[in-house]
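Peer 1: What follows is each chain in one-letter form.
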Amino acid sequence: MRKQERDNILRCLNCFERMEIPPKAKQFTCPKCKLQYYIGWRDGQAKILGTVEEGEKEV
Amino acid sequence: MTLKSKIAIIDLTKNEIRTEPISEKMRRLYLGGRGIGAHLIYNHVEPRTDPLGPGNVLVISAGILTGTMAPAASRVHFGGKSPVTNGFGSSNMGGYFGPELKFAGFEHLVIKGASPKPVYLWVHDGEIEIRDASHLWGKDTFETPQIIRDELEDEEIKVACIGLAGENQVRLANFRTGPKDSAGRTGTGCIAGSKKLKAIAVRGHQDLKLAHPKEALQYAKKVVDQIMSTKVAKAMSVDGTSFIWNVTNTSGLLEFYNGQVNKLENWRGLTIEAFEKYKTGMAGCFNCTVHCRHQFRINDGAWAGTFGEGPEYNTQTALGSFGADNWETLLVGWHLANKYGIDTTGWSNDVRGVMELYQRGIIDKEVTGGLDLSWDNANQLIPILLEQTAKKEGLGAILAEGSLGIIRELSKYSKDVEYYILHVKGLGKLGNVDRVQPSFALGIATSTRGADHLRSRPALDHYHLPEDVLKKLYGGYVSSDFRSYEGKARMVRWHELTYAVVDCIGTCKFQTVFFSPNLPAYKEWVNYLKYITGLEFTEEELFNIGERVYTLERMFNYREAGYTRKDDRIPERCIREPLKYGLPAIKGGHIDRKKFNKMLDEYYELHGWDKEGLPLPETLKRLELDEEPPYKLER
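Chains A and B, in that order, give the protein sequences.
This note's numbering numbers the first residue of the first sequence as 226 and each following residue consecutively.
This note's numbering numbers the first residue of the second sequence as 54 and each following residue consecutively.
For the record, the hints were derived by calculation from the structure and aren't laboratory data.
Please read all numbers here as calculations on a predicted model, not as lab measurements.
One or more of the hints may lead you astray.
[As the list claims (entries may be wrong)] Each computed DMTMM-like pair below joins lysine to aspartate or glutamate, with the alpha-carbon atoms no more than 20 Å apart: (1) B:Lys284 - A:Asp268; (2) B:Lys640 - A:Glu278; (3) A:Lys249 - B:Glu326; (4) B:Lys287 - A:Glu245; (5) B:Lys284 - A:Asp232; (6) B:Lys287 - A:Asp268; (7) A:Lys257 - B:Asp534; (8) B:Lys330 - A:Asp268; (9) B:Lys287 - A:Asp232; (10) B:Lys633 - A:Glu278; (11) B:Lys640 - A:Glu242; (12) B:Lys418 - B:Asp469.
[To be verified] Covered stretches of chain B, going by a simulated chain A footprint (3 or more residues, C-beta under 8 Å): (13) 282-293; (14) 636-650.
Note that the Cβ used here is the ideal one computed from N, Cα and C, for glycine as well.
Could you put together the complete structure from these sequences and hints?
Peer 2: Below, the structure is given as structure tokens:
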């Protein structure tokens, strides 16, 4: 059975933990490995733009 | 009926054309598209022939459902004996050419021999003419279609053609249609150039009558809804396949400077957000609801007024992998590669390798014709080197020979040249990292057309899906960790056979299980085929067709190039050099030779091949491939 895909769910690129991104959030920290991401929103979908560690890379 | 489309055998030496029906048996064994194409290539190429000689053939194959209401059923294959790999040449493209070929009454064109003068084929409503193309020789891939449309007085004619690179028999020359689509890989445009075949123009008004039209329409609607409900389809509708670039670069999964670096530091200029400045809209191929094709225009500077569609993520990574730091360079490179008709993936790989040879002092300006191949010069070098390659001038004369030719030519300067020209079976690698994911490495190592992602790449391996889901999908244990070797032979085999089925059907791979387990796969294909063609297959029967096709391509590779286990390899760099950058899960990754070899053994065993990777007699019998001519010839 197919599950509904949700636009605000992302997986951590490092530890694969599912991350539920609050609406319009610009940053998010993985609850498991604590990696911090810059988040963008395209057509209502959350999207990883890069890691905060990369520094000053917010688009 | 959809199934009434024919095979045309066109002999350019004898100036003869004949047609054949597609038999029920051929359908049952090979279905259509790449499958029947492989069968035709295997049987019509003169064994051990020169790929640029008249004994080679160019086979053009639309899928069994191409041109129908099946979602994104636009694909058409171009194949033959590859002048790049000397093995199985095969590449497919979308757009509108394939459907129009079907509307003209044909599913496959087998083009044999060679013409003494430039010609093009005019395929229309059951008829085929060989026409003079002297006036088209020297024209680029944007001019050629319009000249043909003007002279035949029909703006709806669809044209697939070669550019200057194909005419000059540049080994990476491709076929092009429309503003974007290319059958890019393995040098089929070069085969056409050797036959003096400039273009194929198609126009048809024939119906593709459906077996069960009402059910077919209802089912197509259901599947479109299924496709459009996925996140990946929504993302591609906005950002095209480039939607993934930020994620792969952030992770450390892209290769730059010939794989010396796996993350671009100065990356802001190449994000999809930075592309917005040039974007003018989105477009789609035949019967596609996703519309992943960017439309762009450059408004300022030396290239102001340049417009087009694309590029794909793959070209973004390829042209963006040797130091270019802005979209304009990529768009100009993309435009010129299309104009000349050159495979951006293979060409970029070869240029990266040659630039590293220059970086290491193995070659100098005497070899490069005075060009400074420093990475810092990438923005300037891309247009220069593309033109030189198409014209076979300066350094371009060496680049025009592809990875194997470059190694042959430049190895006189150092025995290390082969290490730096990254390829598998002569076909250059993508700009993606393949050394932290054993499944990706196995996929490029064993692909029947050389280093390539569209034959078997299990993108799902990066999704960390639950192992019970993976077991259900693949029929056995597969680790959900993309760095693991466990079960990955099974995973790769499943994907390569499944993608072969997709290529027989003729739909876009990106709207299948390639990108998401929620996108169409066997269940949907069984239903499409039943409603549209009336043919009934089980899921297992379709899977077996995929296996038959893949194995036949493997047989062709042995017959023509002697490819065995020794050639199912990955570039040494992927083994010897751990990744230097990226997220903790990525950094330090490399392929372990011993584990890779064990995985290769498992892969051969699953296929029913021997330790050298050659199909066993019982495998040939099981797949009814013992009815094909033998692949083991006296050497």
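Peer 1: A separate judgement is required for each hint: does it hold in the structure or not?
Peer 2: These are the hints, each one checked on the structure:
1. The straight-line distance between the Cα atoms of B:Lys284 and A:Asp268 is roughly 11 Å, inside the 20 Å bound, and the hint therefore holds.
2. Our distance criterion of 20 Å between C-alpha atoms is met by B:Lys640 and A:Glu278, whose separation comes to about 15 Å.
3. With a C-alpha separation of about 17 Å, the suggested pair A:Lys249 and B:Glu326 falls inside the 20 Å cut-off, and the hint holds.
4. Straight-line distance between C-alpha atoms of B:Lys287 and A:Glu245 comes to about 18 Å, which keeps the hinted pair within the 20 Å bound.
5. Annotation: proposed proximity of B:Lys284 to A:Asp232 holds, straight-line Cα distance about 7 Å (limit 20 Å).
6. For the proposed pair B:Lys287 and A:Asp268, the alpha carbon gap of about 8 Å is at most 20 Å, so the pair holds.
7. With a CA separation close to 16 Å, the supplied pair A:Lys257 and B:Asp534 stays within the 20 Å bound.
8. Of the pairs offered as hints, the one joining B:Lys330 and A:Asp268 holds, with about 17 Å between alpha carbons and a cut-off of 20 Å not exceeded.
9. A distance of roughly 10 Å separates the Cα atoms of B:Lys287 and A:Asp232; the hinted pair therefore holds under the 20 Å criterion.
10. With a CA separation close to 16 Å, the supplied pair B:Lys633 and A:Glu278 stays within the 20 Å bound.
11. Restraint check for B:Lys640 and A:Glu242: the C-alpha separation of about 18 Å stays at or below 20 Å, so the hint holds.
12. With a C-alpha separation of about 19 Å, the suggested pair B:Lys418 and B:Asp469 falls inside the 20 Å cut-off, and the hint holds.
13. Given as covered by chain A, the region 282-293 of chain B passes the check, having 8 residues with a CB less than 8 Å from a CB of that chain where 3 are the minimum.
14. Figure legend: the region 636-650 of chain B, annotated as covered by chain A; annotation consistent (3 residues with Cβ-Cβ distances under 8 Å, at least 3 required).
In this structure, none of the earlier numbered hints is contradicted; all agree with it.
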